[in-house]
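Line by line, the protein sequences are chains A and B.
The first sequence begins at 1 in this note's numbering and counts up by one.
The second sequence begins at 1001 in this note's numbering and counts up by one.
Note that these hints are calculated values from the structure, not bench results.
One should not assume that every hint holds.
Going by beta-carbon spacing under 7 Å, a handful of chain A positions derived as facing chain B [to be verified]:
1. A76
2. N80
3. A93
4. L319
So these bits of chain B aren't anywhere near chain A, every CB distance computed over 12 Å [stated by the list, open to error]:
5. V1021
6. R1210
7. K1271
Remember, it's a predicted structure, so these values are computed and weren't measured experimentally.
Note that CB positions come from ideal geometry on N, CA and C, so glycine has one too.
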Amino acid sequence: MVTATPTPKKKTNRLGLELPVYRGSKTTLCAGCGHNAISERIIDACFAMGIEPTQVVKLSGIGCSSKSPAYFLGSAHGFNAVHGRMPSIGTGALLANKNLVAIGVSGDGDTGAIGIGQFIHLMRRNLPIIYIIEDNGCYGLTKGQFSPTADVGSTLKTGVVNELPPIDTCALAIQLGATFVARSFSGDKKQLTAILKAAISHRGTAMIDVLSPCVTFNDHEGSTKSYAYAKSHEDPLEELDFVPYFEDIAVDYEPGETQEVTLHDGSRLYLKKLDERYDPTDKMQALRVLHETHERGEFATGLIYVAPMTDDFLTTLNLVDEPLASLPEDQVRPPRSVLNEIMASLA
Amino acid sequence: MPASDVAVEERPTTSSVEPVVNDFSIQVATVNGSGSQTANLVLLRAIFQMGVPVSAKNMFPSNIAGLPTWFTIRANKDGYVGWKKKTEILVAMNPETAREDVLNLDPGSVVVYDEPLKLDSVRSDLVFYPVPFNTLVGDVTREVTLRRRVRNMIYDGVLSRLLGVEIDQMEVALRKHFGNKVKVVAINRAALDAGYAFAEQHLEKRDPYRIEPMDENQGRILIDGNAAAAIGCLMAGVTVVTWYPITPSSSLCETLIDYLRKYRVDKETGKASFAVVQAEDEIAALGMAIGAGWAGARSMTATSGPGISLMGEFTGLAYYAEVPAVIFDIQRVGPSTGLPTRTAQGDVLTTAFLSHGDTRHPLLFPCSPEECYSMAINAFDLAERFQTPVFVLSDLDLGMNTWMSPTFAYPTKPMDRGKVLDAATLDRIGQFGRYRDVDGDGIPYRSVPGSSMPAYFCRGSGHNEWGQYSERADDYQKNVDRLLRKFETFRNWMPAPVVEINRKAKVGIIAFGTTHWAVVESRDQLRNEADVQTSYYRLRAYPFRPALASFIERHDRVYVVEQNRDAQMAILMRLELRAELSGRLRSILHYSGDPIDARTITDDILVQEGYRVHYSAADGVIPHDAGVGGE
Ligand SMILES: Cc1ncc(C[n+]2csc(CCOP(=O)(O)OP(=O)(O)O)c2C)c(N)n1
Ligand code: SF4
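Just chain A, same shape as in the assembly (with noise of 0.2 Å):
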């Protein structure tokens, strides 16, 4: 597919496809939806990784975010599931070819409240795939009731008060097994994009949390999802930089500001820190941070657990190499000697 674009220099990515490859159909979301500047970001990092669209599936449940995979890499496949249930189907297509790249797209509530036991598997399982939550606190498609994720003391617009304590999917995540765990804010362009590249070279569970305004039902004076809320209580953990492993690019940093991460790909992630004791591969620390800053009302965003090289389930199941989907028949039917051998067993 080529479509003509107006830049009269054509940029093209690693595989010389052009940006409006990654494109998607026209969003049919809010107008400034944050869900929307996510696909833009999905978009951009796809590209800049010279991603192979033929090899990406797109996974969703149901909700505005999970109608976003629509949006974004037409020449994927893309499923749409039930409420809550796309880490099943994701499992199931990546049990039938471990070699596809699977980025799931979820709401909130499609998470955290109808798919939080599927999430709390997928999680467990470490099922290599990028998980993104697109985090509004309340339920956009069904008019803006609340969520799991919505904070205490936050209301609608109604004026109805939420007195239930939220769920943090990033702490619940890292608890879980999720072996790369990330929290970022729809409007933060550049730190969106570095995670959603380095997750792209992650191997296992990628779980993003994407602060994500509903500018429609969830973004007045008394949420604490609103854009202004998000923009001035957003407490990044570090500055990130990543160099892709097909990019040659030495990078010079003070060692102990910044900690160098390596990815399952070879690619590398320097994180610059704003506070130097901030150590992502410290599970414990880790959870410490989510704790204190919701106690704070803040919210920490960046890059807050990495666990690079842990076994990934497909790996576990130790598979043939070609995908069980292509296999021929010889592979996949024993021969007549295997049902005579049964057959014998039970006479």
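The hints should help you fit chain B with the ligands onto chain A, whose structure is shown.
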């Protein structure tokens, strides 16, 4: 060992009554967890090896240890393998149920029992054989745990002597059961011999029941339906198995896992050509199967009623999005707790229409292990051919009980992967539209993620024939009408019924699944006892074939026999039949949790046919006034 030598020479003397040879049931009443399963299976297999047709039913409670279970072996020279309510020989090992078990017997029946239970004081019209199990087992071994394990082998030894089940065949069966665990075989054999010797010395044969060798079991195996289905899945080339444990379906996946590990792991690399995931629940199990089916794998799950309920939403999605998956439903009685370990055919309507919106699903109804095997293979082909979930409806009786079966035939046809788009096809059809009916059969082409074919966005109800998002009324209607056309195409791809037309018959019988075995026997009873001639239509699949209507047309009255309260299959038929044919349907319903038996069917048909039926303890039923069978 010497015991068996004696047995050959000198059979126990029979009393004056006519001998009853190879036509009776032995019921062993124990508590579960007491290790009686080995003794029961060895007895079953020994009779099987003697060439006598046998069947077995295990009636067990929903717990792990300590509650009553009844294992019934039926030997039948005529080959009837359905459930029979009447038991001729009771082995009473369970103090809790012994009295009631004895009271339930017909006069003349035989009771082998644990001596301290003093059952001979309960009734005087039975033949009692007291056996001092504890004393006998004490002589076999001193080890307490071993005693517990081999105690039950003693009744096998006693029955061997009393009934003439060859003790050498029992040893063969023991070896089959335990493989090359020589010591285990030896101690069990010692217990067998102890029972045999005791019977020989202390029990005078006073009953007419005898097992005598026949030659009916050449080329046959003993197997349960779940294992048979597992072998079918193996041979079908299944690649993704996702499941959540539930009785009575668990053993299907567990057996399959064993076979997959044995036969589908590369010997050199240790790598598997399959993936198995025990999911967090049935929703996830089916979600994974659908995800895998969408991405091109041959995927399956197995469950029972409660799991089917949970799978409702996903089944609807797969129907609309047109994704293949094979779902085994090993049916059991309704919600837990209660009777989850009892059999039923109660999921017919649920599965046929599972989910929300307009949905219909193809169903397969195996009646035997052989069909569990062949229909499993067929199910994968159908699911991929029609790009839709296919249900295989077995039941607890078929899935978990041991049946005789002919050996299974190796698949003759290559796997049918259905209409998966490739470059040549794309050339031929021009442009790819995921939901376009190119061939006029309602079945579109699909592309698979990871292939280089054009992609599409898979979603529920809102898409046009190009696979684009659409909420337009005409797109929606066009699509669901095509789905219906696709469903019509199934009809002639589904397994054909097995039909037996009796030209003299005014009465037709329709049955499916395990009900078949009781119907076979009942038709003979109807003919022999009341001269009622019947034709028989054994349904093997839904959607029905046009032959169903023609069958009903040929008969004045047609009895649909099924194991549920609500006449679910009859209802499904009525949805399609013209009113005049619908009016000819009558129902024979059985829903106690026990498998259906021939007597129940025969009596019910005779009553509905206008016969007066009265019961006699000895003969079951005597028809009178064989008059008209009208309305
Ligand atoms: C089984 C089921 N229950 C309820 C719904 C209705 N529903 C659609 S979207 C949604 C909530 C979506 O909220 P969220 O995941 O936060 O996504 P957002 O729309 O806010 O992006 C609900 C409850 C549904 N589609 N399916
Ligand atoms: S309702 Fe809210 S979440 Fe949905 S599209 Fe509009 S702004 Fe986004």
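Here's how the hints hold up against the structure:
Interface restraint check: A76/A against chain B, minimum CB-CB distance 6 Å, threshold 7 Å, status holds. The interface hint given for N80/A holds, since its Cβ lies 4 Å from the closest Cβ of chain B, which is under the 7 Å cut-off. Hint status for A93/A relative to chain B: holds, with the closest Cβ pair at about 4 Å, below 7 Å. Here the hint on L319/A is kept, as its CB sits about 6 Å from the closest CB of chain B, short of 7 Å.
Residue-level check passed: V1021/B sits 24 Å from the nearest beta carbon of chain A, beyond 12 Å. Distance check for R1210/B against chain A: the nearest CB is about 25 Å away, which clears 12 Å, and the non-interface claim stands. In this structure K1271/B is not separated from chain A by more than 12 Å, as the shortest Cβ-Cβ distance comes to only about 5 Å.
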